[in-house]
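Here is how the chains run, residue by residue.
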Amino acid sequence: MAAHATTRGGDHGPKRAEHHVVPIPVYLWVFAALMVLLIVTLVAAAFDLGAWNLPIAMTIAVAKALLVVLYFMHVRYNSRLVWTFAAAGLFWLSILFVLTLTDYLSRGWLETPGK
Amino acid sequence: VASEIHAPAHVTHVHPAHDEHDGHDGHEGHHGPVQHQFDDINQQRESNTLGMWLFLATEVMMFGGLFFAYSLYRGMYPGAFHVGSEHLNITLGTANTFVLLFSSLTMALAVHAASEGKTRRMVGWLFFTWLLGAAFIGIKAIEWGHDYDIGLIPGVNWTYYDKHPDELHHLEAQNTGVNQVMMYWVIYFCMTGLHAIHMVVGLGLVLTFIILGARGRFEKGNEQPVEIMGLYWHLVDIIWIFLFPLLYLIAGFHPGKGGH
Numbered sequence: 001m002a003a004h005a006t007t008r009g010g011d012h013g014p015k016r017a018e019h020h021v022v023p024i025p026v027y028l029w030v031f032a033a034l035m036v037l038l039i040v041t042l043v044a045a046a047f048d049l050g051a052w053n054l055p056i057a058m059t060i061a062v063a064k065a066l067l068v069v070l071y072f073m074h075v076r077y078n079s080r081l082v083w084t085f086a087a088a089g090l091f092w093l094s095i096l097f098v099l100t101l102t103d104y105l106s107r108g109w110l111e112t113p114g115k
Numbered sequence: 001v002a003s004e005i006h007a008p009a010h011v012t013h014v015h016p017a018h019d020e021h022d023g024h025d026g027h028e029g030h031h032g033p034v035q036h037q038f039d040d041i042n043q044q045r046e047s048n049t050l051g052m053w054l055f056l057a058t059e060v061m062m063f064g065g066l067f068f069a070y071s072l073y074r075g076m077y078p079g080a081f082h083v084g085s086e087h088l089n090i091t092l093g094t095a096n097t098f099v100l101l102f103s104s105l106t107m108a109l110a111v112h113a114a115s116e117g118k119t120r121r122m123v124g125w126l127f128f129t130w131l132l133g134a135a136f137i138g139i140k141a142i143e144w145g146h147d148y149d150i151g152l153i154p155g156v157n158w159t160y161y162d163k164h165p166d167e168l169h170h171l172e173a174q175n176t177g178v179n180q181v182m183m184y185w186v187i188y189f190c191m192t193g194l195h196a197i198h199m200v201v202g203l204g205l206v207l208t209f210i211i212l213g214a215r216g217r218f219e220k221g222n223e224q225p226v227e228i229m230g231l232y233w234h235l236v237d238i239i240w241i242f243l244f245p246l247l248y249l250i251a252g253f254h255p256g257k258g259g260h
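Residue numbers (this note's numbering), protein chains in the order written: chain A, 1 to 115; chain B, 1 to 260.
One chain only, chain B, in its complex shape (with noise of 0.2 Å):
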């Protein structure tokens, strides 16, 4: 087998029509346009496709940090993390996971119709991904603003508890202290904060392939730039998928009580 791959790989570059083994196609011209620096667009797909990867893998380390530095701090203050997590409106974070939860399945139906040269389909699955990526910023700025409002935003004279005593029982009943939650809320903010920032970006991608798309950028051979942006989009869905059990559902999903 292996030197039936070595020598005839060879010869294919250099005669292309004399690849006898040669099962799928190589043959320029066939899928639209190849760079020069690859052989065919097989070769090339896969370099973008990897390329792509590469760059996913340093999302992940980057949001690891603050993945380490919740894992740390909730193992150190684990009733601080409790009590944090109680302001939390279960319900609104349940929209915002179903919401990016369908924009992902809308995302890959818009890559679907890319792949297949349905470039009006395209355009308006694009759209649905926007308006869902849009509506989960708007539910995050609602969640955001009453924080805000009742003084959860940390900093260096953070008065919650003093505006609150009658809260302070539930430190004492989960063993912590006021400087401890506050950690909660810097890990909380920071973490959907670079998570809403790359919201933000990709609402960006989306807008600018909508207009691409329609002025058929990504006819039929030149759709893989769909995918590599979807490939981003899902991404950022998966961040979600961890970070919502880790910052919503850390003192359990009581219906019945009723949120804050």
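Excised from the complex, chain A in its bound form (with noise of 0.2 Å):
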């Protein structure tokens, strides 16, 4: 019952989607960002910067998938609960990441008895 409560509160965090028809212009807007960043990630990709260019193209790619979910997938506007859900995704995302690779980075540290 309390967390029913809480969802309906409204002074905890952003109402609902349905008061926040987002207006068209910002639409064109971030499509507008879209096309500048894909630009930008080509003109990064034509200098060679050595180690610098794969973190530079996927802070790119960050800020393009951030711009679709806040705004053309309406997270920004959702309650909460719903950026909850959509931040899992990625926590689970590091989990597989992080302890995956602590299995395979670590393996040569140790020598293997016999081998």
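Just so you know, the hints here were simulated from the structure itself, not pulled from any lab data.
Built from N, CA and C at the ideal position, the CB exists for glycine as well.
One or more hints might be untrue.
Claimed, not checked - Quick partial rundown of chain A residues pointing at chain B, CB under 10 Å, derived from the structure:
id: 1; residue: N53
id: 2; residue: L101
id: 3; residue: L110
What the hints assert, rightly or not - Here are some chain A residues the structure puts well away from chain B; computed CB gaps all over 10 Å:
id: 4; residue: W52
id: 5; residue: T102
id: 6; residue: S106
id: 7; residue: W109
id: 8; residue: T112
id: 9; residue: P113
To be verified - Here chain B is said to cover these stretches of chain A; the calculated rule only asks that three of the stretch's residues, wherever they fall, bring their Cβ under 8 Å from a Cβ of chain B:
id: 10; stretch: 65 to 77
id: 11; stretch: 81 to 94
Given two chains presented individually in distinct reference frames, assemble the corresponding complex, making use of the accompanying hints.
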């Protein structure tokens, strides 16, 4: 009952998406930003920046993904609970990466007897 | 604040009319049908949205396995990924990125039209979205067809470099081997393949929604399924946003040089 009341209260984060029909100009600006970022990706890839190329490309990709998630997918206008569900996927993904990499990256650290 | 929330909430449940602090309406009938397990349309909307995001989290995990394999093998064989990536056509990859980002805009506009009850406009944007999605698959088919023709599809007896010994010096320059380059192609086709399967499913969904929408299934108050389906389309777009730089841009972008 308490959780139910909280989602109704309105003082715990944004209200329902229904009350936030996103104006069309917002969508057009987001699309324009996505196009700019696509061009920036290509320009950045045209320069040989050594080890920096990958983090720059990934930063731009994350920025594009955030724009899509927050505006096209309306997460910015949804309740905190939806934010949590959207972030949970990334949290589990980080578990997959961190725990599996600790295995792979540490395999050569100790010598295997008899090998 | 706590007592204010707890006690009246129960009263609200029994006597909706007596709800004092209900700023937004919780009355049934205003926004179309509310399934009987929900108190009001807002609770129903949020439940639907949460359910879809839970599904999208499982999608992130499924692609996550492939993204992990990518990270691991690129870390182990950076040269092989460099050599493999040089075969990809960045012009077609960029075109497909543009097409998908554009389709996300048209999908957002379809959802917007649905939320305003403009069914014909919604059907129009969905049709536009479908065409863009089909264009993506078409461009991908051209790329894959080219890969097949020159023998880049990996297999047990992968003979690409037996037939192209003149390219072996690329492997030496990057300090890598034939089997390691083949691993790039395995990962490339698994990732783009799984993504394309999702695109085909998305095309089927959009087509279904065009037909149902034209029949008036998503009139005002019943429009949320369009938004939920749009979430899927946008997620598939996001996957490609990451696939494009990770697969195509490893060896850099050299406009003057011309592709393979």
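Do the hints match the structure? See the list:
1. N53: holds, 7 Å
2. L101: holds, 8 Å
3. L110: Result: violated, 19 Å to nearest chain B Cβ.
4. W52: Consistent with the label, W52 (chain A) stays out of reach of chain B, its closest Cβ about 12 Å off (over 10 Å).
5. T102: At roughly 12 Å from the nearest Cβ of chain B, T102 (chain A) sits farther out than 10 Å, so the non-interface label holds.
6. S106: Nearest chain B Cβ is 13 Å from S106 (chain A), so the label holds.
7. W109: holds, 16 Å
8. T112: holds, 19 Å
9. P113: With a cut-off of 10 Å, P113 (chain A) remains clear of chain B, as the shortest Cβ separation is near 25 Å.
10. 65 to 77: Coverage by chain B holds for the stretch 65 to 77 of chain A (7 residues, Cβ < 8 Å).
11. 81 to 94: Coverage by chain B holds here, the residue count being 9 at a Cβ distance below 8 Å.
The structure is inconsistent with hint 3 alone, although it conforms to all the rest.
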